[in-house]
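Colleague: In the order they appear, the protein sequences are chains A and B. Residue 1 is where the first sequence starts when you use the working numbering, and the numbers rise one by one after that. Residue 1001 is where the second sequence starts when you use the working numbering, and the numbers rise one by one after that.
Careful, some of the hints might be misleading.
Stated by the list, open to error - Cross-link-like lysine to aspartate or glutamate pairs, in silico, DMTMM-like; alpha carbons within 25 Å at most: (1) A:K327 - A:D358; (2) A:K28 - B:D1086; (3) B:K1063 - A:D112; (4) A:K51 - B:E1002.
Unchecked claim - Facing chain B, a subset of chain A residues (Cβ under 7 Å, in silico): (5) F19; (6) Y22; (7) M24; (8) Y52; (9) L74; (10) I87; (11) A97; (12) G205; (13) G206; (14) L229; (15) P345; (16) G346; (17) H347; (18) E354.
If you're looking for bench data, these hints aren't it; they were derived computationally from the structure. Where a beta carbon is used, it is the ideal one built from N, C-alpha and C, also for glycine.
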Amino acid sequence: MTETIYYVLSGLLIFIIMFGIYLMSKVKYAKLGNNLSAISVFAAVILTLLKYDVVDEWIIYVFIALGAIIGIFLAYKVKMIAMPQMIALLNGLGGLASLIVGGFAYFGVGVDSLNAFSDVVAIIAVIIGTITFVGSVIAALKLHRVISQKPIKVKFYSGIISLLFLIQLVAIAISPFRIIDKIIFIIIIILVSSIFSVIFTIRIGGADMPITISLLNSLSGVAGAISGLAIGDVLLVAIGGIVGASGLILTEIMCKAMNKGLIDILLGKTSGGSVTYVENEEVVNESVKQDFKEVYKNSKSVIIVPGYGMAVAQAQQLVKALADKMKKEHKTVKYAIHPVAGRMPGHMNVLLAEVNVDYEDLYDMEMINDEFKQTDLVIVVGGNDVINPKAKTHEGTPIYGMPILDVDLAKDIFIFNYDKNPGYSGVTNSLYNKNNVQLFLGDAKETLQKFIDDVK
Amino acid sequence: METIQYILIAIFIVSAIFGYFLISNVPSLLHTPLMSGMNALSGITLLGALVALAVVSTNDIVKMILAGIAVLVSTINIFAGFSVTDRMLEMFGGKKDD
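Using the sequences and the accompanying hints, generate a full structural model.
Modeller: Structure below.
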């Protein structure tokens, strides 16, 4: 195959993949978009095998077949609530592959012309690949609760991180000179990058995971692209670049939704959720008021606010059952989804889609926030920080400035939370003491079931 | 630096910019499938791994295992990523047809 044909076909595949991503912006065509991308990747593999004339290397197919079986098995076994750790794990695998490809490139494997440029990018690929791999594995373990979700803080964090970062920069700079034995050099880099990644990721708490996962997603793309630079593979570079940009956008969106600056997180300036900010403020709203049935009956418009607590209690089915019941009673029912309601971007939408909630009933924060003031009843299930009005009023609290759902503007509010303790941020919820708020405390599965029975 | 390397850097920047605008249009409703789809695409490193596995000598067992791992994990990444994306999109789209 001539070079020209290869580059033309590569360009075509990149275009098809971009078109596939474009289709991902509409629910109706998203599946088609995903299929187009998948087919293009398959075509890219064949194209690469042909270009390097290695179609008959049987060993390739052994590993591909094994990978395909494991991959498909994982995809059909994973539960929707475990999606964040699945994605984190897969990000990590992408990072590992980039790390290995980058490492090989430093030894000249797959590189047409070894020069300073290919050395530098190979080492960058090793560094970013390692950070992605190690960081993703830790994030996945945290999400799976193998490691505590609480932030684990290292002393002199900023100093250590800066030092390790500096070592990495020096390593990149001296990589073309090959002062040290190549194998030892690479091993040192992998070690340093691993430690860097470990102390960075273990200090991130569970609720900050949406940012972490998005960032790792971006890094996995960048790692791929840079290993592509090292071996001069145009497809790798282009597609890695797209993935890197995508992760970056999602990171931006998540940071905005949590009111945290990315640079602050990277430098360890934010609390990482570890500060407990509990005011001397009693939550006195104890008893279940008896008129909640009346309130329910008279409410015509209802907004449901699902939080991660709902997913933890596995109460999605009951929420859906309640919503169906309300629809039958001719109430209008909408779901208000906060961007960080789950553990990764869009997670809550997937959790609700899994129990067949119509996606047209799901509204994101910006779309629905103006509607709360005309709403009769808001039903919160397992959400806390994202509805805490203190985010608007209490300067100095960790959640101050974070965009919230304006639940407090609704006429009546029912909250199905496990307890009255502050949410992840450690800030007590001023909503709990309002007169129009009815708390139903306990396991959401039980309290919701009881509620549904009560209002029959 | 050779010309091709300048071109590759340009391609990286251009595709990142293109990707940025394409992905900005995706509604938050679909962010999880988007991310898993992107995740699958990041397994494209498979292309580099394939070449490495093909060119290392079968006599050098360490290199072969390393390259094999790279092929294996990137293949897992691709297959799991696309399948799980498809599974999620099925949940969104499934009942809207009737």
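Colleague: Now, for every hint given, state plainly whether the structure supports it.
Modeller: Here's how the hints hold up against the structure:
1. Restraint check for K327 of chain A and D358 of chain A: the C-alpha separation of about 12 Å stays at or below 25 Å, so the hint holds.
2. A distance of roughly 13 Å separates the Cα atoms of K28 of chain A and D1086 of chain B; the hinted pair therefore holds under the 25 Å criterion.
3. With a CA separation close to 19 Å, the supplied pair K1063 of chain B and D112 of chain A stays within the 25 Å bound.
4. The straight-line distance between the Cα atoms of K51 of chain A and E1002 of chain B is roughly 21 Å, inside the 25 Å bound, and the hint therefore holds.
5. Hint status for F19 of chain A relative to chain B: violated, with the closest Cβ pair at about 9 Å, above 7 Å.
6. At its closest, the beta carbon of Y22 of chain A sits 5 Å from a beta carbon of chain B; the interface hint therefore holds under the 7 Å criterion.
7. For M24 of chain A, the shortest C-beta to C-beta distance to chain B is roughly 5 Å, which falls under 7 Å, so the interface hint holds.
8. With a cut of 7 Å, the hint placing Y52 of chain A at the interface with chain B holds, because the nearest CB-to-CB distance is about 5 Å.
9. Against a cut-off of 7 Å between C-beta atoms, the interface hint on L74 of chain A holds, since the closest Cβ of chain B lies about 5 Å away.
10. The interface hint given for I87 of chain A is met, as the beta carbon of that residue sits about 6 Å from the closest beta carbon of chain B, less than 7 Å.
11. Interface hint at A97 of chain A: satisfied, since its Cβ lies 4 Å from the closest Cβ of chain B, which is below the 7 Å cut-off.
12. Of the supplied interface hints, the one on G205 of chain A is violated, with its beta-carbon coming no nearer than about 20 Å to a beta-carbon of chain B, more than 7 Å.
13. Proximity of G206 of chain A to chain B is violated relative to the hint, the smallest CB-CB distance being about 17 Å (cut-off 7 Å).
14. About 5 Å separates the beta-carbon of L229 of chain A from the nearest beta-carbon of chain B, less than 7 Å, and the hint is met.
15. For the restraint placing P345 of chain A at the interface with chain B, the shortest Cβ-Cβ distance is roughly 4 Å, inside the 7 Å limit, so the hint holds.
16. Interface hint at G346 of chain A: satisfied, since its Cβ lies 3 Å from the closest Cβ of chain B, which is below the 7 Å cut-off.
17. At a threshold of 7 Å, the smallest CB-CB gap from H347 of chain A to chain B is about 6 Å, leaving the interface hint in force.
18. About 6 Å separates the beta-carbon of E354 of chain A from the nearest beta-carbon of chain B, less than 7 Å, and the hint is met.
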